[in-house]
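**Student:** Construct the complete structure from the given sequences, taking the supplied hints into account.
Protein chains in written order, with this note's numbering: chain P, 1 to 92; chain Y, 1001 to 1409.
Read the hints as simulated data drawn from the structure, not as lab findings.
Below, in silico cross-link-like pairs of lysine-lysine (DSS-like), each with a Cα-Cα straight-line distance of 30 Å or less: (1) P:Lys57 x Y:Lys1196; (2) P:Lys65 x Y:Lys1272; (3) Y:Lys1196 x P:Lys68; (4) Y:Lys1272 x P:Lys57.
Derived, one-sided and incomplete: chain Y residues facing chain P with beta-carbon distance under 7 Å: (5) Ser1045; (6) His1147; (7) Pro1149.
For each residue, glycine too, the CB sits at the ideal point set by N, CA and C.
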Amino acid sequence: MRTILALMMVLAAAPALAQESQLRLRDGPGRQLVEASCVMCHSLDYIPMNSPFLDRKGWEASVNKMIKVMGAPIAEADAQKIVDYLAGQYGK
Amino acid sequence: MQTRRDFLKVSAGGLLLAGGIRGADSAVAADSLGPAALPSGALQSAQLAALPGKLPLIKKSFRPPNFETPVRFFNEAFTPNNAFFVRYHLADIPQVSQQRWKLAVSGDALDKPFEITYEELSRDFEQVEVAAVCMCSGNRRGLSQPHVPGVQWGHGAIGNARWRGVRLRDLLAKAGVKKDALEIVFDGTDRGVLDKTPDFVKSIPAWKAMDENTLVALEMNGEKLPHWNGFPVRIVVPGWTATYWMKHLTSITATAQPYQGFWMNPAYRIPKGKFPLVDRFVSQETEVNTPITEMVVNSLVTNLEDGQKFAFGQEITVAGVAWDGGFGIATVEVSEDGGRTWRAAQLATDLGRFSWRQWSHRFVPGRAGSHMLMARAANRAGATQTFELIFNPAGYHNNVVQRINIEIT
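**Tutor:** Spelled out as structure tokens, the structure:
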């Protein structure tokens, strides 16, 4: 799975601005998994921008939308860890 | 009008990360990056940044690029192309070659499908121009209470421009559009990074497509479209929110069936019966909701900031813009006293019913202290702005009357 993720990051559309690479999420368990899963399709600023007003259910809905609607290849076990991180670091 | 602080931020090589600047002076930084009522995380993660060909705008997200226009640019009747807001859903945005670009007009509800080049489009059809507000459906989403997920726009996902191009109905006529055409479907080159991500495809009702003001636009404010605003060709649907204004257009499809796709349903929906709208999109309506259609009546103060200070005895000008979904603005009223009394603002030149209308009002406050200013527009159909938010899950149609406090000392 990790190999696929890494490959997809390489294939992802080139950022329009290099400053994107300066974005950092808060340190916490699961940060690397979150970064690797989310940056395939979008920059990490979507996460702090949508904070801190989503509760755990709200972040769960967002992660589910990314998987079920947008087609993000994220395993169920990883999805739980991602929700844990988002609710813990960027939750209400 | 750029403040010294803005200048410092931009000139220091580009772009310092917001975090560094914010520590130095949170109040000022917050003002320039959006209203204080935005989610705190949205204010902290915003920064001024310049996409290629654009001035520094308020970065909401780098990829896909979502950049809003600082309010000071709205003191002009037409928003400069290099300051016009940028909004994408999907991150794969090819640079399109004008020479190689082709537009396909096809579908089950027309007789004579064809393909057309940029040169043919600009040469073989009458070119017309319309002044129109282009506003993201989610403009002011970040002011929703409670906050709702999505791009946390402040006031700047909007702009006014002169759009020039070919009437969509002229292309449909050439293609022999049939009476049973129900919807006209648009697709452009931008798409998701993953194959599984739903492509951004939008439809409008055939009656709106046949409106003489609906354009296949090649120019914006007398210049070719900027890449970030849809080069080489985009759809312009005057009066309706920008979700239908397909950028980097490559196909127009006439169909006798309602188009089914994520970006039509469940995306871009408003609850039925909550807003005083006129235009209906019947073929897409469900029991409970309907696609967003025309913009609600709205206004924006563009020359004052909340908390701004003035000397006692000084004349104050309140100025801004007002717009609606295409009836045209009839009046703008300003209150100097928190909504107790209202005075008619002076309206500037009428640039057309789809353009915004500039307005201004001058007064000398009669006492020192805090004054709450408000502005309220009404359109020619008698609709006006609300004082309480009409909450909806996507944060659309926020036309709550602004409240701006000024201090007289």
